[in-house]
Amino acid sequence: MGGDAGDDAGDDGTVPLAGRPAQVHPSAVVEAGACLAADVRVGPYCVVSAGAVIGRGTVLANHVTVMGSVHIGERNRIFPNCVIGGDPQDVSYRGSDTRVEIGDDNVVREGVTINRASEKEEGVTVVGSRNFLMACCHVAHDCRIGDNVLIANGTLLGGHVRVHSRASLSGVVAVHHWATIGGWSFVAGLSRVLHDVPPFMLCEGSPARPRCINVVALKRGGFSREAIEAVSEAYRLLYRAKVGVEQAREILQSQAALQPPVVELLDFLVMQQQGRHGRARERRKAA
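When you read off a place in the sequence shown, starting at 1, and then add 311, the result is the number in this note's numbering.
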């Protein structure tokens with residue numbers, strides 16, 4: 312649980328934070344077989360079980376539970392009462408040693424639960440890097456969250472959900488299992504997500520539907536004016552004029568070369584239509 316830092320001490324006897332061994336509160340339980348990197352901090356009444364790996368600079372506040380085969384990267388901040396690596400809430404689960412993998416620089420606020428995977432896909436639940444999971448979120452088995460994702464308080468992701476990078480979900484959103492949240496999208500609070508959320512869209516409602524493009528994220532993300540206007544025109548054709556995806560592609564191509572985000576949007580919708588119930592990944596379930 313971290314080596315001897317004495318050789319790294321300065322003339323005044325202090326040790327730079329990055330050079331300190333792991334610090335484990337006396338009331339915490341770290342089982343043999345857990346691996347804590349240098350300068351990890353484990354707060355009061357935490358439980359870290361055998362098989363867990365926690366990277367440099369990660370901080371577990373009080374009452375955090377890390378269960379089983381969980382790999383947590385560097386510089387993560389995990390707040391009180393989070394449970395990471397609990398068994399999937401799937402009645403078909405038979406106890407396989409599935410995993411959770413979490414990247415770097417995430418903030419995981421109070422009461423978040425991240426379940427290990429079931430036996431139905433690759434056997435791993437994934438949270439990428441630089442994400443912000445606010446209080447009382449639930450990340451179910453086999454979910455995969457990209458990078459720079461924001462998930463606000465009380466939002467629930469069903470099993471096998473995909474959240475692509477730069478997406479944002481507001482508070483108390485419920486996402487149906489096997490749904491996909493496209494990149495750079497925004498889902499408004501209290502929405503019920505039954506179908507895939509297209510990239511670059513702002514979705515809202517019960518069930519959630521595209522209401523406009525997520526222009527704020529596109530501007531903040533540095534997209535060009537031409538790209539934003541092209542996405543807006545694609546939205547108008549698809550959701551106002553009710554033009555089909557391939558017809559919209561032909562119309563947009565006749566006006567100018569397709570902007571990359573428009574290509575991404577149209578390809579996403581093609582995949583969605585090939586799935587069941589408006590969820591592209593239902594094809595995998597059916598297989």
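Misleading hints may appear alongside valid ones.
[Said to hold, decoys possible] Just the calculated beta-carbon pair ranges, DEER-fashion:
no., residue 1, residue 2, range
1, Gly434, Ser338, 41 to 49 Å
2, Met582, Lys530, 39 to 47 Å
3, Ala568, Asn373, 49 to 57 Å
4, Gln558, Ala361, 55 to 63 Å
5, Pro337, Glu430, 18 to 26 Å
6, Glu342, Gln400, 17 to 25 Å
7, Gln558, Gly500, 44 to 52 Å
8, Val526, Ser338, 44 to 52 Å
Because the hints were derived from the structure by calculation, they are not lab data.
Where a beta carbon is used, it is the ideal one built from N, C-alpha and C, also for glycine.
Hint by hint, which ones does the structure fall short of?
-> 1, 2, 5 and 7
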